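Engineer: One-letter residues, chain by chain:
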Amino acid sequence: MPYFDHSATTPIHPIVLHKMNSISEAHFGNPSSIHSSGRKSKAIIESSRRIIADLIHAAPNEIIFTGSGTEANNAVLWSLIFEQNKHVITSSVEHPAILKVLDSIAPFGVTYTKLPVNKFGEVNPTELEKAIQKNTGLISIMMVNNEVGTINPINSLIQVSKSKNIPFHSDSVQALGKTPLSVNDLGADYLSFSGHKFYGPKGVGFLYKKNESKLNPIIIGGGQESQLRAGTENISGIVGLAEAVRLAVQNLDSRILHLEELEATFKSSLSNYCTNVIYNGHPKKHVPGVISASFLNKKSDILLAELDREGIEVSSGSACGSGSVKPSFVLEEMGLPESQNISTIRISFGRSNTMADVNTLVNALAKYTNV
Amino acid sequence: MLWLNTRMSDTIIIGMSGGVDSSVTAKILKDKGYKIECVFMKNWEGDEENCNAEEDYKDALSICDYLDIPLRSVNFSNEYWEKVFQYFIDEYAKGRTPNPDVLCNREVKFKAFLDYALDLGASKIATGHYAQIIETKDGFKLLKGQDQKKDQSYFLYLLGQEALSKSIFPLGNIEKITVRKLAEDSGLINYAKKDSTGVCFIGEQKFFKEFLKKYIPAKPGYIQTIKGKICGEHEGLTYYTMGQRKGLGIGGGHGNIEAPWFVADKDIENNILIVAQGHDNPSLFHQGLNADGIHWIKGSPPHSLENISAKIRYRQADQNCKIVELSFDKCKVEFKKPQFAITPGQSIVFYRGEECIGGAIINNRY
Numbered sequence: 001m002p003y004f005d006h007s008a009t010t011p012i013h014p015i016v017l018h019k020m021n022s023i024s025e026a027h028f029g030n031p032s033s034i035h036s037s038g039r040k041s042k043a044i045i046e047s048s049r050r051i052i053a054d055l056i057h058a059a060p061n062e063i064i065f066t067g068s069g070t071e072a073n074n075a076v077l078w079s080l081i082f083e084q085n086k087h088v089i090t091s092s093v094e095h096p097a098i099l100k101v102l103d104s105i106a107p108f109g110v111t112y113t114k115l116p117v118n119k120f121g122e123v124n125p126t127e128l129e130k131a132i133q134k135n136t137g138l139i140s141i142m143m144v145n146n147e148v149g150t151i152n153p154i155n156s157l158i159q160v161s162k163s164k165n166i167p168f169h170s171d172s173v174q175a176l177g178k179t180p181l182s183v184n185d186l187g188a189d190y191l192s193f194s195g196h197k198f199y200g201p202k203g204v205g206f207l208y209k210k211n212e213s214k215l216n217p218i219i220i221g222g223g224q225e226s227q228l229r230a231g232t233e234n235i236s237g238i239v240g241l242a243e244a245v246r247l248a249v250q251n252l253d254s255r256i257l258h259l260e261e262l263e264a265t266f267k268s269s270l271s272n273y274c275t276n277v278i279y280n281g282h283p284k285k286h287v288p289g290v291i292s293a294s295f296l297n298k299k300s301d302i303l304l305a306e307l308d309r310e311g312i313e314v315s316s317g318s319a320c321g322s323g324s325v326k327p328s329f330v331l332e333e334m335g336l337p338e339s340q341n342i343s344t345i346r347i348s349f350g351r352s353n354t355m356a357d358v359n360t361l362v363n364a365l366a367k368y369t370n371v
Numbered sequence: 001m002l003w004l005n006t007r008m009s010d011t012i013i014i015g016m017s018g019g020v021d022s023s024v025t026a027k028i029l030k031d032k033g034y035k036i037e038c039v040f041m042k043n044w045e046g047d048e049e050n051c052n053a054e055e056d057y058k059d060a061l062s063i064c065d066y067l068d069i070p071l072r073s074v075n076f077s078n079e080y081w082e083k084v085f086q087y088f089i090d091e092y093a094k095g096r097t098p099n100p101d102v103l104c105n106r107e108v109k110f111k112a113f114l115d116y117a118l119d120l121g122a123s124k125i126a127t128g129h130y131a132q133i134i135e136t137k138d139g140f141k142l143l144k145g146q147d148q149k150k151d152q153s154y155f156l157y158l159l160g161q162e163a164l165s166k167s168i169f170p171l172g173n174i175e176k177i178t179v180r181k182l183a184e185d186s187g188l189i190n191y192a193k194k195d196s197t198g199v200c201f202i203g204e205q206k207f208f209k210e211f212l213k214k215y216i217p218a219k220p221g222y223i224q225t226i227k228g229k230i231c232g233e234h235e236g237l238t239y240y241t242m243g244q245r246k247g248l249g250i251g252g253g254h255g256n257i258e259a260p261w262f263v264a265d266k267d268i269e270n271n272i273l274i275v276a277q278g279h280d281n282p283s284l285f286h287q288g289l290n291a292d293g294i295h296w297i298k299g300s301p302p303h304s305l306e307n308i309s310a311k312i313r314y315r316q317a318d319q320n321c322k323i324v325e326l327s328f329d330k331c332k333v334e335f336k337k338p339q340f341a342i343t344p345g346q347s348i349v350f351y352r353g354e355e356c357i358g359g360a361i362i363n364n365r366y
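Sequences listed follow chains A and B, in order.
The opening residue of the first sequence carries number 1 in this note's numbering; numbering runs sequentially from there.
The opening residue of the second sequence carries number 1 in this note's numbering; numbering runs sequentially from there.
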């Protein structure tokens, strides 16, 4: 069954799975215990932390394991309620794991400004600079948009934040494994990541927090993760996460190449059949293999059902919206007319997709969208 | 049964609510070998804590997973808001007691959903309603469900030929008790799930007043007996309905006998609620009514107005009546026996024997 929804989630990599299983079988000790089983578990976690840190050019104590990318975002935003400067600048196309959190912490005095995006989904650094207020305590702007794959001018945005001495966070869950990443070069204060977006396990993610940047914990208990995120560690998940990061970073070039090939083949092949397709997002500055395509006069919910019947899995809007079919607010913010918005599907290729899969997809789209 | 005539190659799309009726509908059609898919409708948007849409969706998903049927979802909250809810609020604001379910069936389930299902490639839709459809040389007819206690034809009287021709009700000739047993025997997790009652977007009856208050400002006033004596205060005419007994707050000292009080009428102009004592009080009964917005299922009035009976509320036994005047969209009806609490805003639904032939909205009574 061809699966083209890798931006929603990815299948677990067999090497990752193997590692997790062997760890689960062999080690159960509580990493906080001082006996041998506990020490072994603790050592495994710390080694995973080092592996991840090395791969993204961070220091080990800058990696905080969490239960998800969403939790990493929450950690950074909730931390603000204990700070003096409670104004946040974000973008209007962030995931609900940013926007809804900001609404939830409003009763604690947190206010925010949502920056608009251009028709490609990019935030303009000049707009960011203009939005900064005396009490701005955080800038949180996503690295890669989940619906259209557009890459934000993240370096320029971080430069603005640095020039004003304001901490910078980026929800980076869609970036790892699809674009080179060195936290050193980047200079952000906080970055959120999620294991299952790059062939790792679900239920585990991590927050990169620059050493000198502050974080007030919101999950309190036994002091795990250097007092920053309590709760007995998900050992096999963390091992799987580290392995998935390793595979993503070490195989980055070949993964990008593969995704670029799939995307190019898809687009050129589809152009032979469909003339009514419009691609959304930035034509160049986008992660490979993520395609937001509008098929005019073909409503996406109907198209999704037709593809689903053929065993072809794509998405429309964001995955969390399933249960209801609504126009995507991201596409709305990018200025798409509603008729185009509700005719948009997202195709996101992954490492196991083949040219034959692309062919299947193109044939199905040709069949159902030429109405 | 009409639905047996559906070709095996046709796709039937089932309106799946996550309840036991639609689940058994899916199970029956699946067992018969039809090509089926389910669609979950979300018709209400917002934070009403009493609206169980999310829990219902989870049930629907589990049932469809268990039966191995694809489930899709669709959001008709805009359609519901514009075509059903606005009307519901407007009617209450006028002091009437509307029935949103009859409109929901016409505008959402058998219009928006039907159109959507056809777009999805279905040739028929199926729902878990307790009613039957037959095709005759005079067109499609709507019959009562075989289970007289569950019969839902009352709620379906606004359907027309187009909707009936594309709908099937597999539960029409089954009793509810059998449906529950079928559900339990087939391992459907929701076999014991409570039937939904009341208005779907409000939930339990006890939240009703609270809910209405959010949309219609309360206008308190006096309660008067039919003889014109003030005997209490009401919170706003909107919150009361004809024949209502509970919640009037009329203490002792009024009237001579220990009989309960009932809402007999509403004086909208003067904002007065009029009550009468004793269930048999003649002022609670009326001989006839005027209704408008008349709809005939076959598309035109019946040739003969003889042998017609009617229900003026769901689950009422058929009442002998005569349509004494009939125009394009209005009618005047006289009952053989006086009727208790005829309620403006509710529907009068006409039957000839087992057949539901149409209905109208009650405007006033005499």
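Because the hints were derived from the structure by calculation, they are not lab data.
Computed from a prediction, not measured in an experiment: that's the story for all the values here.
Ideal Cβ positions, reconstructed from N, Cα and C, are used throughout, including at glycine.
You may find that some hints are simply not true.
[Stated by the list, open to error] Derived CB-CB ranges, DEER-like:
id: 1; chain 1: A; residue 1: 47; chain 2: B; residue 2: 32; range: 52 to 62 Å
id: 2; chain 1: B; residue 1: 214; chain 2: A; residue 2: 216; range: 56 to 66 Å
id: 3; chain 1: B; residue 1: 214; chain 2: A; residue 2: 119; range: 32 to 42 Å
id: 4; chain 1: A; residue 1: 313; chain 2: B; residue 2: 8; range: 54 to 64 Å
id: 5; chain 1: B; residue 1: 65; chain 2: A; residue 2: 47; range: 35 to 45 Å
[As the list claims (entries may be wrong)] Here are some, though not all, of the chain B residues that point toward chain A, as calculated from beta-carbon distances under 8 Å:
id: 6; residue: 70
id: 7; residue: 74
id: 8; residue: 91
id: 9; residue: 94
id: 10; residue: 118
id: 11; residue: 196
Engineer: What are the numbers of the hints that this structure violates, sorted from low to high?
Structural biologist: Checked against the structure, the hints that fail are numbers 2, 4, 8, 9, 10 and 11, while the rest are satisfied.
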